[in-house]
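**Student:** Spelled out, the chains give:
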Amino acid sequence: MHDTPDASSSSHKGNSPSSRTAIRLTVNGVSQSIEVEDRWTLVELLRDQLDLTGTKIGCDRSECGACTVLMNGQPVYACSQLAVWADGADVLTVEGLAHNGRLSPLQQAFIDHNAPQCGFCTPGQLMTATALLNTIPRPDAAQVKQALVGNLCRCSNYNAIVEAVVAAGAQQGGAA
Amino acid sequence: MKALTNINARSFADAVAAASAATAAGQAFAFSGGGTDLLQQVKDGTNTADVIINLRTVREARAVSVSTTETLIGGLVTLTELAGHAALSGPWAVLREAAASVGTPQIRNVATLAGNVTQRPWCWYYRNGFPCFKAGGNQCFSVHGENQQHAIFGGGPSYIVHPSDLAPALVALHATFEVTGPGGQRRLSTDDFFVLPSQNPARENALGATELFTGVRIPTPAAGVVSTYLKITDREAWTHAEVSVAVVLHVDGDRIRTAGVVLGGVAPIPWRLTEVEQFLCGTVLSAAVAGQAGALAIANAQPLAKNGHKVPMTSAAVERALLRLALA
Amino acid sequence: MSEAVQPLTTIGHVTPRVDAIARVTGQAQYTNDIKLPGMLYARVLRSPHPHARILRIDASEASRLPGVRAVISHDTAHVVWGAGAVAGGRQYNDAIKKTTLQRRYIFNNPVRCVGDAVAAVAATDRHIAEQALALIKVEYELLPFVLEPEAALAADAPLIWPEGNLCPDVHNNFAPVVSDHGDIAAGFAAADQVFEQRYDTGFVHNAQLERRCALAHWQGDTLTLYTPSQGIANCRHDMARDLGLEDRQVRVVCNYMGGGFGNKNQNQDADLITATLARHTNAPVMLEYSRRDDWLGMHGRWPTVQQYKVGVTNDGTVTAIQLIGYSGMGPYRKNAGGIGGLELYACPNRYRALSPVYTNRTTSGNFRAPSEPHGVYGIESMMDDIACKLGMDPVEFTLKNMLRPTEEQPFTNYSLDACIQLGVEKFDWQARRKAIPGSDTGPIKRGAGFSFMMFRAALGMSSAIVQVDARQRYTLFVGVTDVGPGAKTTMGMIAAEALGVPLSQVDVVSGDTDRCPYSVGESGSRTTIMTGMAVVEAVQDLQQQIAAHGMPTGDDVLTASATPSPTIEGKMRQCFGAHFVEVEVDTRLGTSRITKYVAIHESGRIINPQTARDQIRGAVIQGIGQALHEDLLYDPASGQPLTTGYYRARHLTHVDVPHIEVHFIEVDDGYGPFGAKTVGESGIILAPAAVANAIFNATGKRMTSLPITRDKILGVLR
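The listed protein sequences derive, respectively, from chains A, B and C.
Take this note's numbering: the last position of the first sequence gets the number 176, and nothing is skipped along the way.
Take this note's numbering: the last position of the second sequence gets the number 1328, and nothing is skipped along the way.
Take this note's numbering: the last position of the third sequence gets the number 2718, and nothing is skipped along the way.
Treat the hints with care, since some could be wrong.
[Claimed, not checked] In silico DMTMM-like links for lysine to aspartate or glutamate, alpha-carbon gap of 20 Å or less: (1) C:2400 <-> C:2343; (2) B:1043 <-> C:2125; (3) C:2309 <-> C:2192; (4) B:1002 <-> A:35; (5) B:1002 <-> A:48; (6) C:2309 <-> C:2183; (7) B:1306 <-> C:2200; (8) C:2434 <-> C:2584; (9) B:1043 <-> A:48; (10) C:2596 <-> B:1236; (11) C:2137 <-> B:1044; (12) B:1002 <-> B:1044; (13) C:2035 <-> A:48; (14) C:2712 <-> B:1234; (15) B:1306 <-> C:2635; (16) C:2035 <-> A:51; (17) C:2712 <-> B:1236; (18) C:2701 <-> C:2385; (19) B:1306 <-> C:2148; (20) B:1002 <-> C:2125; (21) B:1306 <-> C:2711; (22) C:2035 <-> A:95; (23) C:2137 <-> C:2061; (24) B:1002 <-> C:2061; (25) B:1002 <-> C:2130; (26) B:1043 <-> C:2130.
In short, the hints are calculated from the structure, not lab data.
One chain only, chain A, in its complex shape (with noise of 0.2 Å):
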């Protein structure tokens, strides 16, 4: 449910304030039930409203991935979500990926094969290489290219990122 601007706002374009509306959905295990501006994208939501910063925005027009998350188990684009389309979601972020302070196989593949360099797309490449494992196993370069297709990283630390993806298949057959 939400609340529809009156009539007079609306002959403001540029003034109006934003429609609200009631939202409940599951962020890394942990359900919240939060009011959003229907204009938040669902990285805004995370980023400022549960200061969840480990979702970068590198573009915030689908062209770069950094913004990654997890939503109902498929890699999406948070910045090019509505954060009232996640209603009743699963969402999972980087910041679920560790459990009790124990880092996913995934994770420490990472930090082997020195995966992050500036670190600002590892998010996102985390995010999309752990729906990968929960698929395909012990995906070989190639499919781990294919499925990371959509996350950039500028530094071009490519070879090394798809090393550890590969490295954390081989390992361990998956991502838990």
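Dock chains B and C against chain A, hints included.
**Tutor:** The following block gives chains B and C in isolation, referenced to the frame of chain A:
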């Protein structure tokens, strides 16, 4: 972003009603399937919607159902679903390959068939906010400007290329386009659905202002149908086609009975190569035949000052798409 | 004298980054992740015109929008940005910044490119700030514009600055930059054949993934600035100078930065705008750039035009090299605009006249090895072409003509022969190179190309502080920000090695001018050498103190600091490299695909093999992007940029990049920390040249314009 109101539609009827209500209230609206492209345009100001009508909450049009004569694909099926759908194997390769070639997994996970077919052009003038035909203006900036990515067929007075990968595949498959709106439901042939700039430079399809494209009906491919989608892009992924080809061949023994050959990336609408299709009928696919088809494909090409490279690319693409099927 | 090296205790071993856990868990705090109580959000209004005079700005409606706290523009905030335009492009020099004639401010009038900042808003919410921008009314008088450097130097060109469009040198003289060695006329006279060719290269945006942002907060007359900076010490000093403060009144903090790749080793106008808004509103202000703001408001590698004339004798000896070059600097000259490459050759007769030129395009600035990849592409394409015309293997031609140590100019060590030889072997050059370029039959053609370089590995001043406490934990204070190469880890490893303790016993404190001493800043491939030397000397000092006084007890600490400024008397210190590339060109589609890439580097002793290898691999891939894709296209009729952003500029994705094979030849020349040299910029220098030479070998067609896009390949083949 500007102030927005999101309306979760529960059905297509709901969505159409919301669209009509917004229009009556003097508000601009947009239908949103996946929403990735829409949000870009809203952020850039090239889409002025105040009201977003969200179709993710619509239950309809999410299925693929195959019968012996006809296959129905709902407009809200995602590109990920299309690319891997169990019912769309074998002769449906052209559609699977087209869907798989769009964007990235993150985009395909939410993007819909309907959204992909009806997306606005990616011309760099239009998307950078130039007041061109596609933005409701009265000129095209590419025709005497930077037109490296623009049309070599069917252009004028706008020279955009149709941005959809699914569209050439659907045209090659003889799809019928299902539309719903305030006046009810209607069906459009591909000839009627896609609109040339010479007919109306402001739009790419025949949808009314508050109408929705809800799905396609495709004659189920017969045994002996093989198909493929070949897409050439400026980097290996995440890019609209420079040139693409959708080919559907009905082969009997080793002879081609009928052919569908439709280009993407080179014209304001999916560009059916009627003469190539006619030429192929009755032939046995060989390297020589593929080469002749490639040459025939560009016989009437009309390049602009800077997009001449698309002509040999188109010829090579048609030839290679056919050769792919010859080897299969 | 160089010796083959073995790994030491810590140095030379694969070492995970000390902050790796923070990076893979989302705990690493980048500037835009920081929130302060009462923080406002800011946005910048940018010129929609390539060249225009601002007649009037009416911000009244914007100011009245609920939530807006301040609106500033050129008439209300006249703040100079000293690092934004400098005579001669000479950064890090206060004296020159003070005498620079053509000053850049945070808001300029006239505006001189699409994207030039016009005004800025601070509001309680970022969406309100954006809405306020739309309410600012600006009246412009349009002025004529010019986009290309040669056109900008024509007699009737629109004037971007009153003095004309040629950029002034450090003395505010308006003349091309000339370097003249030997006797160029005699050199051409001595030649049997003279070759001429023009090359041009496009604009390549730095395109780091973190969009520019800044968070400023005043407490009384003290400013705290959180900003993505490659050099917190330089940024702090620039801020103080521009705002009329003392250094001690400014604190700059950057613990994590999402890439920089050049010219972020000083303050930016974003920092000054944010600080000014924070002063006006008496609140912390977070300025966030959109990706388009970053593309148009930051900088990228200057586009160039290079006219070469080279004389050779028939046996393949180069007798004369001449370059007439033009660099498009945009409307403000942040950096030098150099075109390097001539100095790689032994030829004694070398003449270069370089004109850095103002244009009404987005500003050019340093991007990884700022003067090198485009110039090396130009000169080594030229030489590769000449070698082919003389019937010589390009490797053979290079060995004959490359610069070598002489009695007059000795080197600390020299490895170019070894690099080339190793590359020839690892790549299988003889098998992959086509003796006749373009000789593969069929439309898919393969070929191989090669390029070589040396690059400065100079010593210089920097600082470090090291402390030890009673538990024998060492703390190293260095003013680095670790933009990606792993400087924290490298400095920690140097300290650990020098101390003779494991890395785990060393904590590295960085990224805060309140806690760290001066650092030269992470640019120009200097941190490992210069800050690394400071670390070594600080450790030596500490060890002397420990020897004299024993380890501290209780709450005591022993502290040592060092600010060495070492020099090498008379010798050149260089790192060396050779790249070998095999490419496959589809001549019907114009697509180029790299099928093998071998990069050989001698960068002294390698401190951390893993981060060093990935610096090379990453730089190479950036160079491939420059060679094949990246550019910024402008519409000539309107002066509007058409291809901003990652999608339009076709940045390489996972499926575009080949595997890069890297081999280091390690030597210890006795200089630098444990013999280390530079790595960070080396990898990019050779990639465009090697790729372009490979495309020539595959197709028989010389590509004289970067990027080598398919329309250019198809154009020369028809």
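**Student:** Take the hints in turn and mark each one as holding or not.
**Tutor:** Structure-based check of each hint:
no., hint, in the structure
1, C:2400 <-> C:2343, "holds, 15 Å"
2, B:1043 <-> C:2125, "holds, 16 Å"
3, C:2309 <-> C:2192, "holds, 13 Å"
4, B:1002 <-> A:35, "holds, 18 Å"
5, B:1002 <-> A:48, "holds, 18 Å"
6, C:2309 <-> C:2183, "holds, 14 Å"
7, B:1306 <-> C:2200, "holds, 18 Å"
8, C:2434 <-> C:2584, "holds, 12 Å"
9, B:1043 <-> A:48, "holds, 19 Å"
10, C:2596 <-> B:1236, "holds, 17 Å"
11, C:2137 <-> B:1044, "holds, 19 Å"
12, B:1002 <-> B:1044, "holds, 10 Å"
13, C:2035 <-> A:48, "holds, 9 Å"
14, C:2712 <-> B:1234, "holds, 13 Å"
15, B:1306 <-> C:2635, "holds, 13 Å"
16, C:2035 <-> A:51, "holds, 9 Å"
17, C:2712 <-> B:1236, "holds, 18 Å"
18, C:2701 <-> C:2385, "holds, 10 Å"
19, B:1306 <-> C:2148, "holds, 19 Å"
20, B:1002 <-> C:2125, "holds, 12 Å"
21, B:1306 <-> C:2711, "holds, 9 Å"
22, C:2035 <-> A:95, "holds, 18 Å"
23, C:2137 <-> C:2061, "holds, 9 Å"
24, B:1002 <-> C:2061, "holds, 16 Å"
25, B:1002 <-> C:2130, "holds, 8 Å"
26, B:1043 <-> C:2130, "holds, 10 Å"
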